[in-house]
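Chains as they are written, first to last, in this note's numbering: chain E, 594 to 813; chain Z, 15 to 378.
Think of the hints as simulated: they come from the structure by calculation, not from any bench. Keep in mind the model is a prediction, meaning the values are calculated, not measured. A couple of the hints might just be wrong.
In silico contact screen, one side only, chain Z against chain E (beta carbon under 7 Å); selected entries [what the hints assert, rightly or not]:
{"#": "1", "residue": "Phe95"}
{"#": "2", "residue": "Gly108"}
{"#": "3", "residue": "Phe112"}
{"#": "4", "residue": "Gly113"}
{"#": "5", "residue": "Gly117"}
{"#": "6", "residue": "Pro119"}
Computed far set for chain Z versus chain E, every beta-carbon distance over 10 Å [unchecked claim]:
{"#": "7", "residue": "Arg159"}
{"#": "8", "residue": "Leu212"}
{"#": "9", "residue": "Gly334"}
{"#": "10", "residue": "Glu343"}
Built from N, CA and C at the ideal position, the CB exists for glycine as well.
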Amino acid sequence: MTLIPLSPLLLSLKIASLATVAALLLGTPIAWMLARGRFPGRAVLEAIVVVPLILPPTVTGYYLLLLIGRRGLLGRVLEEGLNIGLVFTWKAAVLASTIAALPLFIKAAQGAFEGIDRRIEDAGRTFKPALIVLCTITFPLAWRGILAGSILAFARAMGEFGITLMIAGSIPGRTQTLALAIYDSVQANQPQEANAMSILATATVLLILVLVGRMTKVKY
Amino acid sequence: MLDLALDRRFKGFHLQTHLQIGDEIAALYGPSGSGKSLTLLAIAGLVRPTSGTIRINGRTVFDAKAGINLAPHQRRVGLVFQEYALFPHKTVSGNLSFGLARGVPTHEAACRVDEMLQLLRLQSFAQHYPHQLSGGQRQRVALGRALIGRPEILLLDEPFSALDLAIRETLRQELLQMLADYKGTILLVTHNLQEAYLMATTIAIIDGGKVLQMGTREEVLHQPRTRRVAEHTGAKNILRGVAGRDPDDAWDIVWRGHHLRADGPGPTTPGEVEFCIRPEDVRLVWPERAERRDNLLRGRIVHELGRGLDYLLFVSLVDGGDRGKYDLEIQVRSRLHHLMTLHVGKEVWLSLPPDRLHLLQPDE
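Bound-form chain Z, shown alone (with noise of 0.2 Å):
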């Protein structure tokens, strides 16, 4: 469990960070320069923050007030940083045995490198150097080195960005394997949504060095609590109208002249807001039964761009379009575009199932 509350300003950048993360893994999301990694950095104790506190499963490791601030070693966290950091002129055993404690006794520090090597699958590297692995294998022995002395709290710096695009989905999956086993607090830092989603069960959206938001990965993605977090989360339909209570006690969304019927949450207060739909959550429908669906709209396809796998549609509506512009952004699969034969100029029918269709509240 970790719970903190910190605050440092530097030139021109306040951190000012609030987190709490039960025995589970946990992102950071933000992009660079937003303080994640220096939110890492302040946990390990590399960092010191001026005000505020750090609890790592209920033990204040920093708490400016009191005059507390552990030291690195100290705290019981394993950090595994952004390029690994590995001691070159160590070798892999080395390197493991580094992290552990001074206590442990020789014949025990031999046991548990062994078994770290054998965990990490890398008996036959135990003599190696750093600059004699590859980019995964360095990410393994910066793991081991991380987890051998038994920490309390995983911190995670970017774990893939030194890798090799081909070789990233293999690793997030091997590392899932090998984190399986580890009962503590993760807490993973990355600027890729994709990855925080599959790495994460609870995200945290940090930016400016506030966090934005912090719930569930689907929470984050589908219910993104203001305009920031929704442009984060690559929502990008971001809209604007104006919402009441319809008499079913949804929200009925005026926008463009249509009405937009949206199930969720919304503000206190009715009257002007924004709402966003994610462009893959928009429906194209064929026209035979098109009656049958909510939120129904016209529009006309002004550009496309393919990218393999999907494509993504920009669409205009044919009453009350903004003309020269498009107003959604959907994303179709490919066999979809072509199954219905899309192209530039089409009129095609939309909906925006209210579901989807979220309320945003006034960025602070």
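So here's chain E without its partners, still in its complex pose (with noise of 0.2 Å):
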């Protein structure tokens, strides 16, 4: 039997699980903000949210490169202060993931906030200060959607194409994901190997969101 080629599908999961929990970590208060928050410009914010979900994702990924390439903004500024070379390295395939996976988590994790009556918030407040009430309250009654929101952001993070193929390239053992390797092998027509592959990726995302159902039943 051919060797399976394992690295992209492990490189694969390395990357989408950071980008998950990056997408976490930035869109739990991005979306709590566009649930509760009134401030200037929030229509705005919610407007730029999205953006990465409708551009292609190759317009999303040139934006990207202008901004992290070795002349870019903030590219310089890592790469001359920090020594930090963001582009095609893994971290900028991290980077491309979060990125198209922001919008589909903050929308998931905004309308768990927003679900959430109002008033029992603010009966918890008359009892606890808020950032209490936000951890024993607020986030107990929506992490079923934050919850929803990081799988969404997993599935897609695994099938990141456009934005990580500009950012990060496709170096084999290096930013070459299964979705990059899988078009390769198409490229260089070796239909067993895009076979397999395509089989583990489908595998793989299947059982975890098995699992993750599993967790999440309701208990009240």
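Hints given; two lone chains; assemble the complex.
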């Protein structure tokens, strides 16, 4: 049996996991602000958040390239100040997946926060400080929505292709994720490899979805 | 004790509430959108007024000028929300213990939760979740959660509106019993006058963001200050006449050519006035006793409405009546309606008792 190249799968899992965590940490406060905050520019922020969902991934990738490339605004600071090169590394792939996953996560989490009856939080605030209410009332009531958002984010990150190609390239063993590897094997006319990896990708995602579904049964 | 004066402008609504309440049960009564719930939220610290002050037992919890604005949990206010707003992911015990301050030691907290469960008669429901409880049980949990931290003031926002009509009556009495031991101020918000009367000793009538009148429940019901208050408290018969002083220093009102005597206070200067009498205060008089009654009028029933326990009669005056319309709305018990064989078209003697005839101040 020909060897199924496992490294693209492992790389994909690693990148998607990191991107999900990043989306969770970055997206939760934004989602909460969009759901509960009243501040100028809220509508603009809400629009910006969904932009990566609508733009062609190549365009999003191109913008990111301008931003983090060697001569880009952020890229130069990182390169010269901290000696971190981002472009065409696995870190760029994580960034690509995070940007792709963020809108889905934020929309799901925002919906979860908006779904909480405000009076329940208000009731909490008459007893405990706002931060405690956030941790013991708001998050426990929103966690299923946040989890659903995370799953969506993970799934989106696993399938990320366009943005990754633009800013991380498709370097075997370094930035070539499963999605990119499948594309390459089709291009190289290696259907067996493409089949194997496609099945692997499908099975992995299905397995994760089933496990998460079991974990999130409603108790109350 | 609660002492507040607050001001807050919204789009198309201006809240300007003034209230002084002692350690008693007071009701804030008004139609929906009158600002009564908003006032509660402001007292609890969940809505911030633009200006004004809020003092609880002399302690300033809000003062716009001095820049004081205590967070809700620092105000020692217990708030029972309209639909109770229980924490759906916490058990009855969990909901109750959330109401305790953070400093309370674990064993004491457990004791107080047990005590409260007993008071609420919910011992066997300690581990139930809110969705497993009936409406009345939920109300008790909400009340217990608000009381367990021993607040100095208890606020109740439409406590019965989420319940079936059939069990409201029982639950009102139940609530009063549970509140009997509570020593602080209780402020109840309701759009039901009967409920306000039943629960509270003092009633404040609020509309358009302003307190129109505040007084004992009897005062508010029988001595409305202005036409607007009279309309809110269901005086129904709001009439217009010319008032002057009679030799006994009572008021003499000329209405549709009849002289009526009114005993209560009135405007400072005689002249055109509005006055009112409640439908249940108008007396129907047996013809043989008519001579001995004050403010006697003869009227004809033009329309009637049977409501089971009582009838509403719409009566037009025989002399000076407004043709095609009615002049007085009268509420009589069904029994009396039967005894006097009342029906549409019948002429009856009416008496407007002078102590029930009430003169109104002009609206501000």
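Against the structure, the hints come out as follows:
A distance limit of 7 Å between C-beta atoms decides the matter here; for Z:Phe95 the minimum to chain E is near 5 Å, and the interface restraint holds. Among the interface hints, the one on Z:Gly108 is violated; its C-beta lies about 10 Å from the nearest C-beta in chain E, farther than the 7 Å criterion. Checking Z:Phe112 against chain E: minimum C-beta separation of about 6 Å stays under 7 Å; hint holds. Interface restraint check: Z:Gly113 against chain E, minimum CB-CB distance 5 Å, threshold 7 Å, status holds.
Contact between Z:Gly117 and chain E, as hinted, is not supported at the beta carbon level, the nearest pair being about 12 Å apart and thus beyond 7 Å. Interface hint status for Z:Pro119: violated, as the beta-carbon distance to the closest one in chain E is roughly 17 Å, over 7 Å. Here Z:Arg159 does not stay apart from chain E, with its beta-carbon only about 8 Å from theirs, under the 10 Å limit. Remark: the non-interface label on Z:Leu212 is consistent with the geometry, its nearest Cβ contact in chain E lying 25 Å away (cut-off 10 Å).
Distance check on Z:Gly334: its Cβ is at least 55 Å (rounded) from any Cβ of chain E, clearing the 10 Å threshold; non-interface status holds. For Z:Glu343, the condition that its CB be more than 10 Å from all CB atoms of chain E holds, with the nearest at approximately 39 Å.
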